[in-house]
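K.L.:
Spelled out from the first residue to the last, the chains are:
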Amino acid sequence: MNQGIKAISPGLQLTSGGQLKHFLTIDGLGRDLLTEILDTADSFIEVGERRIKKVPLLRGRTVVNLFFEPSTRTRSTFELAAKRLSADVLNLDISKSATSKGESLSDTLLNLEAMASDMFVVRHAQSGAAHFIARSVTPGVAIINAGDGRHAHPTQAMLDMLTIRQHKERFEGLRVAIVGDILHSRVARSQVNALLTLGAEEVRLVGPATLMPAAANQLGVKLCTTMEEGLAETDVIIMLRLQKERMESGLLPSEREFFKLYGLTREKLALAKPDAIVMHPGPINRGVEIESAVADGPQSVILSQVTNGIALRMAVMSMAMSGQLAERAAAQHGGAA
Amino acid sequence: MNQGIKAISPGLQLTSGGQLKHFLTIDGLGRDLLTEILDTADSFIEVGERRIKKVPLLRGRTVVNLFFEPSTRTRSTFELAAKRLSADVLNLDISKSATSKGESLSDTLLNLEAMASDMFVVRHAQSGAAHFIARSVTPGVAIINAGDGRHAHPTQAMLDMLTIRQHKERFEGLRVAIVGDILHSRVARSQVNALLTLGAEEVRLVGPATLMPAAANQLGVKLCTTMEEGLAETDVIIMLRLQKERMESGLLPSEREFFKLYGLTREKLALAKPDAIVMHPGPINRGVEIESAVADGPQSVILSQVTNGIALRMAVMSMAMSGQLAERAAAQHGGAA
Amino acid sequence: MNQGIKAISPGLQLTSGGQLKHFLTIDGLGRDLLTEILDTADSFIEVGERRIKKVPLLRGRTVVNLFFEPSTRTRSTFELAAKRLSADVLNLDISKSATSKGESLSDTLLNLEAMASDMFVVRHAQSGAAHFIARSVTPGVAIINAGDGRHAHPTQAMLDMLTIRQHKERFEGLRVAIVGDILHSRVARSQVNALLTLGAEEVRLVGPATLMPAAANQLGVKLCTTMEEGLAETDVIIMLRLQKERMESGLLPSEREFFKLYGLTREKLALAKPDAIVMHPGPINRGVEIESAVADGPQSVILSQVTNGIALRMAVMSMAMSGQLAERAAAQHGGAA
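Protein chains in written order, with this note's numbering: chain G, 1091 to 1427; chain U, 1091 to 1427; chain L, 1091 to 1427.
Calculated directly from the structure, the hints in this document are not laboratory data. Be a bit skeptical, because a hint or two may be false.
Identical copies look the same in the list; a pair holds intra-copy or inter-copy alike.
Within a straight-line C-alpha distance of at most 25 Å, the following computed SDA-like cross-link-like pairs (lysine to any residue) qualify [to be verified]:
hint, residue 1, residue 2
1, 1350, 1318
2, 1144, 1294
3, 1350, 1255
4, 1358, 1185
5, 1144, 1319
6, 1143, 1422
7, 1143, 1180
8, 1144, 1182
9, 1143, 1181
10, 1358, 1138
11, 1143, 1377
12, 1144, 1158
13, 1144, 1415
14, 1143, 1176
15, 1144, 1228
16, 1363, 1376
17, 1358, 1319
18, 1350, 1260
19, 1144, 1412
20, 1363, 1150
21, 1358, 1217
22, 1258, 1310
23, 1350, 1193
24, 1363, 1343
All chains, full assembly: derive it from the sequences and hints.
P.N.:
Put into structure tokens, the structure is as follows:
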């Protein structure tokens, strides 16, 4: 069970048999596994439409929502997902509690593990927090990354993939534009990884040159500084949420300026293919990133993303739990041999 | 499903078959429906006395407590009612979360609906908030009004009716006094509606003339400015809670003055019938609205009101859910035809 | 059911048949009952290791966590314990709610009782709060003391007993040292009671003379002001948590000074028996009460204490519920006779 003190290792989130046991990042996950996640999520979409929206997969399991930075919306989706899997849920707003008594993060987590917790859903302002926990603190607890700093937000990226597949059926041949403040987005990085792994033809990052990450020049990604170039003939447009705080600090142009250049209007949408879909992680800043007529228009799939978010989270939670159980079983047999 | 942009419409909370599908106000609900609510609540009182206080009526359903103004007490009663119906409950203290990120109310609600929520319990400082949501935002989610501004607090009024019926058996022939700050009470308005619809003989509003609403001169309600006039020969005395904040702003007499004129003491209680019951929605300001000897005395049914509050909320929640399901089924058949 | 207005009565927490019906203090509980609690907890430890960590003992029961002072950690353990017993749980952070509207404590509690609550888990800054509630306010609701002022924290003490028994098998012949700020510790008092009742050979209180309670000179307890004297040949070392606030107010020596004199280092640990176990209620102040090498070392059983805490709380909750039911049944038969 010793994971070693390597840098972020692709194998950290997989069992020796290749099953998911944590869900930390899309980096290093193969196409088959991503597809398995999407297929599992598809089966949970049907659960959300049932009269009794429950499956007993995590019955008797304890899921702890560990939010080191507050996010009511993300926490709610994980809470509902866990409850629909029949888990017992404990919400901990860590910013206000235990650690304020001077206890170290690692002691807090070891304590929660000792309470026989099975899964931690972790949201943290620092990049790599979820990895650190999975690798060095509580490897026997399934860790689900619910957003860590600028690094990754893999469930958000995967629910986007689920939504794209629903509407476009396959990733092959798709041209996808990701628009906005790429540099500060934890989602964009995860989305690029997922899209490329799943076989999208072209991923374009669209935004002001100052907001492009230095490492964006990787294989298969095209950088565009205008919407004309960025949206032409695309199948999917993913708008990123603008962090207003960053704007105020002068790192971004003004809201009005941003909207003029990169806001998604009906006119700009017309640059894309006629059946292009429009996505946004929410909450929407109407009139800043996107015009209401587009957000509420026929090409918008923004509310499908929300619905899919529950199903996708149910999928990774149940898969990671299975992976942990497989690993525990293997460890017991190993010990007995 | 288009409800139109009418003023508060009586039909808004009913299905085409006359079933409850939201519970927004007592206005416009007929005697049969109010009686059905009370009968259903009666059946749930027995559940509260069981060893296992659970029924599976909302099993697998998601109930969201949407409190735009905080009220721990009211939220707790709805939370317990939902859990005893076996629902999954999500508590959102909206004043502190999502909307603070600049998201509109309507976007927040559409997001929650997209998470496959079945019911919103809404508390809002603004009159008409629950109606607005039911009519214009999420008509397919059952909306339960848990208090909106000065307008209505229909579950409180109905639990009072349940308590009256328990002790007096029928409404015919009853004389009921409602005492206090009528003008600012969201409960009083709902109570008057319910009492008149259920057939009470006389409803008296008792308080300082300055605290009587302009529209109080309606059919069947008698205005009284003294307790002598107001309580004489009554069967039921409903004390309203005094909002201390209003007193401090000079709109009300001082606490001492108020108690002298309208506080319920043993002496004043003696003006009513010997078997009159005393009610109060809680929390009580002892020595302001009511003397402890009366609040804790043999004629007080204040704690029965609390017990009945759970049963009544279980009743409207389960009825509104049934109504929504009936409407969904009808819509599907309509679509198939 | 009239308990009378006596001082803290040993019988208050027992039914006439000698069953636990509240869990307020270890004072006055006999060895058989303490042993029954430990045996019951042992049976729940196995539940924590199951795939489905649930037993239906409190199914349909309503447990209210009434925290008048915040303690996320203690609240979480009770919440998990209640959920694993299948109870419905309501968390009330009373410091922020109802009572702030001017309602008396007693009215708040009577209201919660009227909502058909079965159990209150009470945390309060004032000594005797839980007793007061059990005796004078809601005797028909099972009251579990989760820490009251400096008085008692009986579930913490009993989980320590459970941990000692797991590692040492029996209490006879054991020498136990309790180290730190004895004067301000609500746990120490409960621990001494439990250890003496269960038959430990010697209990030593170790700390600065200024932090010894005046009444510490009771039978069987030995006061020690140095670690050399206090730890020699002990089987169990219980470190108390240091309240940093008290240090800052000058009541305690500085952290550095305290650590030098009473901090548990490997050197001081060597004074105890080689197989002595090291305990701490958490959260740990590393480098103040205890050195990391000891806290994480082979003799530390600190994380076992956490695991045992859930099982122990499940035990007292289910036993107190049984006691209440027995008493209710007896009262009904009494009434029928």
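K.L.:
Now tell me, hint by hint, if it's right for this structure.
P.N.:
Comparing the hints with the structure gives:
1. In the homo-oligomer, the alpha carbons of residue 1350 and residue 1318 lie at most 25 Å apart inside one protomer (13 Å), although the nearest pairing across protomers, at 70 Å, exceeds that limit.
2. When the C-alpha separation of residue 1144 and residue 1294 is checked against a cutoff of 25 Å, the pair qualifies neither within a copy, at 39 Å, nor between copies, at 49 Å.
3. Taking identical chains as interchangeable, the C-alpha atoms of residue 1350 and residue 1255 are never at most 25 Å apart, the minima being 30 Å within one chain and 64 Å between chains.
4. Taking CA atoms no more than 25 Å apart as the test, residue 1358 paired with residue 1185 passes in neither setting, with 41 Å inside one copy and 35 Å between copies.
5. Taking the shortest Cα distances, residue 1144 and residue 1319 never come within 25 Å of each other, neither inside one copy (46 Å) nor across copies (57 Å).
6. Taking the shortest alpha-carbon separations for residue 1143 and residue 1422, only the inter-copy value of 19 Å comes in at or below 25 Å, while the best intra-copy value is 34 Å.
7. In this assembly of identical chains, the alpha carbons of residue 1143 and residue 1180 lie at most 25 Å apart whether taken from the same copy (20 Å) or from different copies (14 Å).
8. For a Cα distance limit of 25 Å, the shortest separation of residue 1144 from residue 1182 qualifies both inside one copy, at 23 Å, and across copies, at 21 Å.
9. In this assembly of identical chains, the alpha carbons of residue 1143 and residue 1181 lie at most 25 Å apart whether taken from the same copy (21 Å) or from different copies (18 Å).
10. Taking identical chains as interchangeable, the C-alpha atoms of residue 1358 and residue 1138 are never at most 25 Å apart, the minima being 34 Å within one chain and 57 Å between chains.
11. Within a single copy, residue 1143 and residue 1377 get their C-alpha atoms no closer than 36 Å, and across copies no closer than 49 Å, so neither meets the 25 Å cut-off.
12. For a Cα distance limit of 25 Å, the shortest separation of residue 1144 from residue 1158 qualifies neither inside one copy, at 28 Å, nor across copies, at 28 Å.
13. In this assembly of identical chains, the alpha carbons of residue 1144 and residue 1415 lie at most 25 Å apart whether taken from the same copy (21 Å) or from different copies (18 Å).
14. Proximity of residue 1143 and residue 1176 under a CA criterion of 25 Å is satisfied in both settings, with 10 Å inside one chain copy and 12 Å between copies.
15. Proximity of residue 1144 and residue 1228 under a CA criterion of 25 Å is satisfied inter-copy only: 23 Å between copies versus 28 Å inside one chain copy.
16. In this assembly of identical chains, the alpha carbons of residue 1363 and residue 1376 lie at most 25 Å apart only when taken from the same copy (23 Å versus 61 Å across copies).
17. Taking identical chains as interchangeable, the C-alpha atoms of residue 1358 and residue 1319 lie at most 25 Å apart only when both belong to the same chain, with a minimum of 11 Å there against 72 Å between chains.
18. For the homomeric pair residue 1350 and residue 1260, neither the shortest alpha-carbon distance inside one copy (33 Å) nor that between copies (67 Å) is at most 25 Å.
19. Within a single copy, residue 1144 and residue 1412 get their C-alpha atoms as close as 18 Å, and across copies as close as 19 Å, so both meet the 25 Å cut-off.
20. In this assembly of identical chains, residue 1363 and residue 1150 lie within 25 Å of each other by CA distance neither inside one copy nor across copies; the values are 48 Å within and 40 Å between.
21. In this assembly of identical chains, the alpha carbons of residue 1358 and residue 1217 never lie at most 25 Å apart, being 34 Å within a copy and 40 Å across copies at closest.
22. In this homomeric assembly, residue 1258 and residue 1310 come within 25 Å of each other (Cα to Cα) only inside a single copy, at 20 Å, whereas the closest approach across copies is 64 Å.
23. In the homo-oligomer, the alpha carbons of residue 1350 and residue 1193 lie at most 25 Å apart only across protomers (20 Å), although the nearest pairing inside one protomer, at 48 Å, exceeds that limit.
24. With identical chains, the CA atoms of residue 1363 and residue 1343 are never at most 25 Å apart, being 28 Å at best within one copy and 69 Å at best between copies.
Violated hints, in rising order: 2, 3, 4, 5, 10, 11, 12, 18, 20, 21, 24; the structure is consistent with all others.
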